[in-house]
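Colleague: Residue numbers (our numbering), protein chains in the order written: chain P, 1 to 311; chain R, 1001 to 1311; chain X, 2001 to 2311; chain B, 3001 to 3311; chain G, 4001 to 4311; chain H, 5001 to 5311.
Hints in this document: simulated from the structure, not taken from any laboratory. Some clues are possibly wrong.
A few chain B residues facing chain P, derived, Cβ under 10 Å [claimed, not checked]:
1) G3008
2) S3063
3) G3067
4) D3298
5) F3301
Where is the CB? At the ideal position from N, CA and C, for every residue including glycine.
So you can see what is in the structure, the chains are spelled out below.
Protein chains: 6
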Amino acid sequence: MDFKPIEGRQFPRFSGIKTFFRLPIADLNEKFDVALFGVPFDGGATYRVGQRFSPSHVREVSSLGRGYHWGRDTLFSKNLKVADIGDCPTVPIDLKQTYERIEKFVGEVLNGNKKFVACGGDHSITLPILRALKKKYQKSLGLIHFDAHFDTYPPAWDCDFHHGTFVRHAVEEKLIDPKKTIQIGIRGPFAVKEDAEFSKKNEITVWSVDEIRKKGVEALSQIWPDFGDMPVYLSFDVDVLDPAYAPGTGTPVIGGLTSYEAQCFLRHLPKINLVGADVVEIIPDYDPTQITQLFAVDVMFEILSHLSAFA
Amino acid sequence: MDFKPIEGRQFPRFSGIKTFFRLPIADLNEKFDVALFGVPFDGGATYRVGQRFSPSHVREVSSLGRGYHWGRDTLFSKNLKVADIGDCPTVPIDLKQTYERIEKFVGEVLNGNKKFVACGGDHSITLPILRALKKKYQKSLGLIHFDAHFDTYPPAWDCDFHHGTFVRHAVEEKLIDPKKTIQIGIRGPFAVKEDAEFSKKNEITVWSVDEIRKKGVEALSQIWPDFGDMPVYLSFDVDVLDPAYAPGTGTPVIGGLTSYEAQCFLRHLPKINLVGADVVEIIPDYDPTQITQLFAVDVMFEILSHLSAFA
Amino acid sequence: MDFKPIEGRQFPRFSGIKTFFRLPIADLNEKFDVALFGVPFDGGATYRVGQRFSPSHVREVSSLGRGYHWGRDTLFSKNLKVADIGDCPTVPIDLKQTYERIEKFVGEVLNGNKKFVACGGDHSITLPILRALKKKYQKSLGLIHFDAHFDTYPPAWDCDFHHGTFVRHAVEEKLIDPKKTIQIGIRGPFAVKEDAEFSKKNEITVWSVDEIRKKGVEALSQIWPDFGDMPVYLSFDVDVLDPAYAPGTGTPVIGGLTSYEAQCFLRHLPKINLVGADVVEIIPDYDPTQITQLFAVDVMFEILSHLSAFA
Amino acid sequence: MDFKPIEGRQFPRFSGIKTFFRLPIADLNEKFDVALFGVPFDGGATYRVGQRFSPSHVREVSSLGRGYHWGRDTLFSKNLKVADIGDCPTVPIDLKQTYERIEKFVGEVLNGNKKFVACGGDHSITLPILRALKKKYQKSLGLIHFDAHFDTYPPAWDCDFHHGTFVRHAVEEKLIDPKKTIQIGIRGPFAVKEDAEFSKKNEITVWSVDEIRKKGVEALSQIWPDFGDMPVYLSFDVDVLDPAYAPGTGTPVIGGLTSYEAQCFLRHLPKINLVGADVVEIIPDYDPTQITQLFAVDVMFEILSHLSAFA
Amino acid sequence: MDFKPIEGRQFPRFSGIKTFFRLPIADLNEKFDVALFGVPFDGGATYRVGQRFSPSHVREVSSLGRGYHWGRDTLFSKNLKVADIGDCPTVPIDLKQTYERIEKFVGEVLNGNKKFVACGGDHSITLPILRALKKKYQKSLGLIHFDAHFDTYPPAWDCDFHHGTFVRHAVEEKLIDPKKTIQIGIRGPFAVKEDAEFSKKNEITVWSVDEIRKKGVEALSQIWPDFGDMPVYLSFDVDVLDPAYAPGTGTPVIGGLTSYEAQCFLRHLPKINLVGADVVEIIPDYDPTQITQLFAVDVMFEILSHLSAFA
Amino acid sequence: MDFKPIEGRQFPRFSGIKTFFRLPIADLNEKFDVALFGVPFDGGATYRVGQRFSPSHVREVSSLGRGYHWGRDTLFSKNLKVADIGDCPTVPIDLKQTYERIEKFVGEVLNGNKKFVACGGDHSITLPILRALKKKYQKSLGLIHFDAHFDTYPPAWDCDFHHGTFVRHAVEEKLIDPKKTIQIGIRGPFAVKEDAEFSKKNEITVWSVDEIRKKGVEALSQIWPDFGDMPVYLSFDVDVLDPAYAPGTGTPVIGGLTSYEAQCFLRHLPKINLVGADVVEIIPDYDPTQITQLFAVDVMFEILSHLSAFA
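Only chain P is shown next, with the shape it has when bound in the complex (with noise of 0.2 Å):
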């Protein structure tokens, strides 16, 4: 198996069974470098639904991308072998089963030696995973995070786990290095004050969108937290865009990043030990215009370009 993309001036690009940027299906006891799997989830969204199609439209639109990144001259499968290896096992109806399975399947993807990029899924997803990542790399992970909000929220009706507790859990269960986590494009209103505290007490680095917009994706890409070699996790939902970019998302923030602001970010991630990726909260229905969904793509792609970077 070769590992490349179908092209699409031999087969066209609306043709094919759907996969990643039309990338093969593998298994995992295959030899290559980079998983892209589904995490079809939205058990622990507490308003909008629907994020459980969300890999199979993200599959579909993808065959609208391209591999060859022009700022940083690479073709990531050129450098990297990538594979579509299908969808994590998921319970709709059932949380706790569904982190289970998660954990699992993850935990057998690193035991590959392979690093991966999910498609959620609500962000409820994102804990299982780092519970693997943590089991696998016996250590703290740091944590780049783009989103509008915290994740740091308190349970709702009696439920611990939910979409927005992720970066909570992940603290107290020491699977995320809070020094080394920052959180990027977070914006109010807030529910309560005490919505805002929890990343402050905890040293967690904040780039607001009011700091952002003040000092620059630039200058700020200059302080990244200094990860060193520590494996590092990038986790993105896609409600950090404003809704104008990004309106097929379940909790939608009006004063969101541009798209172009996210792409420098993610451009200007610094040399890292990335050892895995999300981007989550994409609900296809919600956006008839489907350019949620091509977002979502386009972060796979600078996610791939970068570790085609530093392969």
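Based on these hints, arrange chains R, X, B, G and H on the given structure of chain P.
Modeller: Below, chains R, X, B, G and H without anything else, positioned relative to chain P:
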């Protein structure tokens, strides 16, 4: 309080805070006959989701509702005191908690000696409603069940309760008497042959689409099960309609009833002791034309007119 | 000018400046038989609005229209000279001014000895059309009225004229002869019982949906009112169809006709002195699938074919 | 009554009868500070319509609203008693009657010594609101006006009042002081040159998009007009945003503000005697992604937070 | 490989890489009975386009498909080995090249001794399929053709091949025997009278909608042409349905079949030597409700069940 | 004929037969300065299709257009005679025939000594337009090209001409002078590195998005290529905008210009001998909000205002 809808020729139908049929909001301890409420829950759905938004969208569209039934010569708000009591509490990410809350909420409605029409929600909400009814009436109920599906299906992913199991559980828990149960509008395809056998084995009466088309609604309406004065529940899944008539639903099945056929069944309901009803599986976001929501309003109207005719 | 549609096999149907059926644009002083025009007005609508965009959207979809009627063996553009004369002037925010402009505009069409088919607009536009016809023919007209609603309703918010009153006013102003008036497709629910009584009291013939389903279109078509050679007007409100067939309308009502039933009525119209017609209450923005607009085109086609058959 | 929103972590945000920000419904004779209400009217609109459905759809989406303002460190429901008082009566087909009803309704709100935020409706609703304010305060008001258009335009079709004239009438009727009036976000094209001259001639301050982009929001925010303690009204037409940020509006204009720029203006509002405000020209049916409605909620939130900060 | 669909109760239906009916992907040299594939091409369409996206969207919706046919008591995956073989190569901007590729691709399927069901594409794809079948079977085929249109039309813009000509060419090239050809669901209007004459002249059996409604499906099903054991092809254009049932199509025609009528025809198909079939003219982007796509799945299911019943 | 748009304050903007900017329809042999026409063709598109519907939808939305340019102080209909001449003939299923028809049609426009603005169509239509211009002016043109893509790409599926090749062919056929060609808004990703090299090798000026964001529109506008008095063509592909601003397009690319940036470029165009222009790649069916179509109208307005300013 006079339990009359706001008059459209006084205050335009598009205006005002939205309640079912523009009826007043009431507390349970007020004196009235029929409670309308929503059960916004889709945590039992196995494919599409978004049934949680159904109560508020059906309220919105019910502004277009009218009260005078031409065939029955009834104005429901004249014979009955009907009110909107808001939504039953639910927990979107926990079916078990939700079941407890529904059973408790419906129990309170029944303790106030009200009849009710509930607006789901996916079809998993009917089971705890039946539990509350059983507790109240201390005997098995009759059931009139409109649906494309038997809802007698086995567990999925080790989950015994989901939106396709309420009839099986209701029989097993003796909440309903299968011999006083009728299923209308059933049709295939099914996943496996076994899916079609539970009802037969339990001597449930089944009027499939094929049978309805062969014999006609009127002929069938001569042979309703004899419910006597037992308490009867009516559960209406909008997927009993052909998807052309109800595209906004969770698991649409080709080849269903027309809206007129459904109306005819409801208009030919014999005099029974109807103690409660629901209309479920509406997903507004899958129907930009709103006709599914409007049909749900019509089902509620037909049920209220039936109650009114025999009040 | 030859009053032929642009040929689709010469010039693709999606191209060109949009006129009804791709017919030529003509001035009233040119010689032709039937004028097609729009009446873009929704200032009489009490719930949904947007009927003002109907003429341009129906023109767009009418590119898909064809001229040969298989059942009648007629090609309307062969027997008749038909042209698009543009839109009647209206004032979106002033019903009174609009009524004057419609009456004047239709008067000019009639003075040119043209028949016409108008594309509304909400149903309030029919009254001034009938006024112009009365003035021209100096006698009450016969009326064939397809609708879910009687349109004999009382004032709303002290406004005596709105989209649900044209039949009442037409009877009161003696524009139509109620005994030579037939209403087809009527069904409930109504706001109050009184809403169903005006037509009965005035001896208007009513073929309700129930009656149509019981007797069938063919049987009913044997007993049309005897219009003799009196001038007859046909007013077609698309909400006579079930919302599954015409979701893009202002006040949809569940349980209506199928498009085939409507076609059958139009094809069984006896030989009458049809002097004008309208199709109204299309709201394109409520029908992303465009089937309502396409149905409106079909109604116009059936009327033109009728005129052509008896020309 | 405690005038707190229903808590999302107790009762899911998608559930319940929809009020603005899930606040309680109150009568005017109750004691509270700020009344929220809808003015569902589009009888002044000259192109697209459907603004009449805006109040109910904005209520729906406002379930997603939160109360804590991160920048201001305020929780509006803590400092202020805010309630939803339902919708102002309107007459969809009669602008004159509607103007009288709005003026009367707002007069009653003011007599109860409430401030208010109204949700339109097309922009024609602002004039009668200003008339009520003038009557109450017995002097001309200051006006902060966000819009793509001057709204100083001449009559159309002999109608002196429509959704593009309120500023002209407000100046002519001395409801506002043009020297204490500022228009933000104005841009062309215009129909004719004269359309751009009324504001200049009357010495209204105008911050066009070009000027805003040249100088920046922050610099401009140093030079707000000096309103002193005069009563000031804020009218926010969502078409001030670029259509990418607010597609659901009546007369969109390319090249507008971003949502963040609008937020910045609202956050930099000086301490003023803000007595009332509106957000207008939202048409939900033109925005299936709901981002326009969500932005309207954000404007209401920013205004409430301003009132709260200076309460 | 066991050629079973992925079980929905093991792995949720919304998850996984999308194939028809969740069947395995197979190479042609594997041993199985029926190949499913897409032919994503719309280069023969004269009005709406987008049929190229049909195979991937039908695959997506087919996740909702089930295998057990209640009426026939068959589970197609039990009697037959069925697989998804991906998409036939096409050239979106060159009909001639596409025809060559389709003929070659289908030829390979036939050489592997497979039967097949193809998912178009516009209706121009059927001609090269028939050419491949003729080459394989060395004789004219029988044809069962569901359509609103005859598809016997003349060239357009000097192009002899487009989506309305396959029957004419198939007769002229002797790919089919017109006396063993039946066209079901035909209806007007037509562009000209001549459009309705080719079939008659060639003694093709035609069951128009009028005839179907007059005689009924069951009566007609007694008089299918006698196909003997000749190879028969079935081509199903979804525009045979009324637009209410299949809005997502290229040239919709008012007054068509219901989905149940279409099912009945397919269920009453006699035992024939069915060697291949297609379902064509689905345009997903014109049907946000997905019911057209779901109907296409149902057609494929009925055909597979027929093959299974007589396997 | 006076070549003025129909006045919106006389005849509502939603009414009337739709032409570009409500301008009169004219024959080529009438005396006027600038011809507007559509080129409804998408037979060169490699992914999404539907550009064929763009001319009629842009005409529809252009009713909202106005003529007075605030920045330039011009009213284009005052300085110029502008008319709508309908659509260029095309053959949807034959690119070669279409190219001949376009070249002939544009040749006739030029022979009438008209300038023009064409509304595509996919981007393959620009090549035959340039051929006609070369024939008319007998020399290579200057080109100002807004696009996300270079359109210098190689053949696909052995087809040398498609919607991504016009610049390559125009250079090869010497229709344009690459040194007098500028490409604005280009960005990746690309399929392969080579895709980015043609322009560089041919010394085409390229202002990528990165460069535009770094230097700013104003600074770049100081260094336009020096076109002298050579004939210059402007081709505007709406995908130069970010998908948030123009979702309705064929091959959207994340990270594009804002609508305001595009406006600024067009407003800073120096005095040049602009002989023709197009706006292409609008697909109305992918933008239910119509903002892409409205932006296309704005581009046409800016071009007309430029022509008007230097007329």
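Colleague: Have a go at the F3301/B hint: is there a Cβ in chain P nearer than 10 Å to its own Cβ?
Modeller: 6 Å, holds
Colleague: Next item in the hint list is G3008/B. Is there a CB on chain P closer than 10 Å to its CB?
Modeller: 6 Å, holds
Colleague: Checking hints one by one. Is G3067/B an interface residue toward chain P, by the C-beta closer than 10 Å rule?
Modeller: 7 Å, holds
Colleague: Hey, does the S3063/B contact hint survive, CB to chain P under 10 Å?
Modeller: At 8 Å from the nearest chain P Cβ, S3063/B passes the 10 Å test, so the hint holds.
Colleague: Hold the hint about D3298/B up to the distance rule: shortest CB distance to chain P must be less than 10 Å.
Modeller: Since the shortest Cβ distance to chain P is 4 Å, the answer is holds.
Taken one by one, the earlier hints all hold for this structure without exception.
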